[in-house]
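Chemist: Throw the hints in and build the complete structure from the sequences for me.
These protein sequence lines are chains A and B, in that order.
Per this note's numbering, the very first residue in the first sequence carries number 1; after that it's consecutive.
Per this note's numbering, the very first residue in the second sequence carries number 1001; after that it's consecutive.
There may be inaccurate statements among the hints.
Unchecked claim - Covered stretches of chain B, as calculated for chain A (at least 3 residues, CB under 8 angstroms):
| hint | stretch |
| --- | --- |
| 1 | 1038–1044 |
| 2 | 1076–1085 |
Claimed, not checked - Some but not every residue of chain A turned toward chain B, in silico, with C-beta under 7 angstroms:
| hint | residue |
| --- | --- |
| 3 | Ile-76 |
| 4 | Val-78 |
| 5 | Leu-166 |
| 6 | Ser-253 |
What the hints assert, rightly or not - Non-contacting residues of chain A with respect to chain B, defined by C-beta distances greater than 12 angstroms in every case (computed):
| hint | residue |
| --- | --- |
| 7 | Lys-22 |
| 8 | Leu-202 |
| 9 | Ala-207 |
| 10 | Asp-421 |
These are calculated hints, taken from the structure and not from any lab test.
No residue lacks a Cβ here, since even glycine has one placed at the ideal position from N, Cα and C.
Each chain, written out:
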Amino acid sequence: MSSTIVALLIIGVAVLFILGIKLLSSPKTARLGNLVAAAGMTIALIILHKPNGDYVWSQGWSFNYTLIAIGTVIGIVVGALGAYSVKMTAMPQMVALFNGLGGGAAALVASLEFVKPDHDITTFIAGSMLFATLIGSLSFSGSIIAYLKLQGKFEKPMTFPGQNILNGLILLVILGLCGFLTLHAAGGNATLAFIVLFSLALFFGVAMVMPIGGADMPVVISLLNSFTGLAVAADGFAINNLAMVVAGTLVGSSGTLLTLLMCKAMNRPVTNVLFGAFGSSGGAGGAATGDLAGKTVKPIQADEVALLLAYAQQVVIVPGYGMAVAQAQHSVRELSDELGKRGVEVRFAIHPVAGRMPGHMNVLLAEANVPYDQLVEMEAINPSMDRVDVCLVIGANDVVNPAAREEKTSPIYGMPIIEADRCKSVIVMKRSMAAGFAGIENHLFYKDNTRMLFGDAKASLNALVAAVKAS
Amino acid sequence: MDTNILFIFILAVFVGFEVISKVPSMLHTPLMSGTNAIHGIILFGGILVLADAATPLAQALGFVAVIFGSANVFGGFMVTDRMLRMFKKKKSP
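Modeler: Right, dumping it as structure tokens:
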């Protein structure tokens, strides 16, 4: 292939990646955007060249190429199994896992380039390789811990005194090793130092994610996603591949911005998420707020709720993680359709961090065929909450807790919430009186206009659908 | 040192920031998943190092890198598409 055509095609690849990300940020074009990015990837594969300029696919077939073919096929099978067999509720874990694999691959590629015996490399290239090794392996181990936390293993933050100091020391050793290796890229000591660096980076990924609570994993995954992007870009520098530099950098910078957007939605600075061990300091104080003493919650039965809903004009449904756990999204859609038939206006209020990942609720409701124009974001729906007749809270907790507005001592004070308490009546569907992920009491449950409908969300919703049909 | 590649790197940083500045939160997860697939381009890095691998150890590690990268890129695009297939507009009656 002529080098001019290849250069032009690489520009095309970069444009397709940028366009893909752009299209991914609007609901109407998102699916197309994903396909556009995949098309860019295909072209990048076809025009793949070695660092020395040789065209990869015109070399004679060798055992290494057989390994490439087998490895790629294994990856496709593993990827397809993961992508298509996973439940919609477990999507966030899947993204974490794929991200970890990408990080691991980035670290391996950089290591293999670095320890190659017969080459002299510039300080800049050595630095890129070390950066990719460090960030890639950190992203690998960190993503696996994030995956495990989302699977329900050691969800609670794991902390001990002096943890941040220990982590800081490890980081210092890592940076020292990087400095040493950048200057002494060859020799027996270098290989040993490299292996130590690799292991420390893996350990650091674990140590970084362990103290962070399960509720903050979306932010962590987004951050590690942008880390992997940067590691891939550094690999691109190391093996002189422009498409990798562009793709990795785009992911790195857009991922960083996405991470900040997520933190903004929770009204917490990113440093607080990463180093704060949420709830460890404020949890106890939040739970013991005095003015709840003596107040009790008021339960309600499904038949009564059905009547309220059937004769309402405006209903807002606030879904949360409880809906995901109960797999109740299809029942919710049935209820919403049934109410729609009776002329009730039904909207879904989506908090940016409801569920275990931003957009988690949208994905689940979309799976159940709820049209996305019925889903309204928090900022858009809050001004109209006073006019809403019934607000149905399904398995959501912290995102509707008015303590965020009223209670200065609460750990979630200042977090934007869906102001469910302003609706004429509020029905909270819940399994039990357990506290939410943040581990604090919900003041909403004790308000005069709130009724509690206890039970499994799916069973309760099915009872509601039947009762609405009958009324 | 080739400064052109640094130049492109800096431009890409800014493009990445600008291109997603306005994203509705409903698309945060699919967007993360989509960009996750894009960094799966590391598969090609794996292919390049494995193609030139000279020792059994390099072949073994390169092989693992190709499997990881391949799962990242193919799984990433597939899982994103599966999420996005569900965003449908209400059919007009």
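Chemist: Against this structure, judge whether each hint is valid.
Modeler: Structure-based check of all given hints:
no. : hint      : result
1   : 1038–1044 : holds (count 7)
2   : 1076–1085 : holds (count 10)
3   : Ile-76    : holds, 5 angstroms
4   : Val-78    : holds, 5 angstroms
5   : Leu-166   : violated, 29 angstroms
6   : Ser-253   : holds, 3 angstroms
7   : Lys-22    : violated, 5 angstroms
8   : Leu-202   : holds, 14 angstroms
9   : Ala-207   : holds, 22 angstroms
10  : Asp-421   : holds, 22 angstroms
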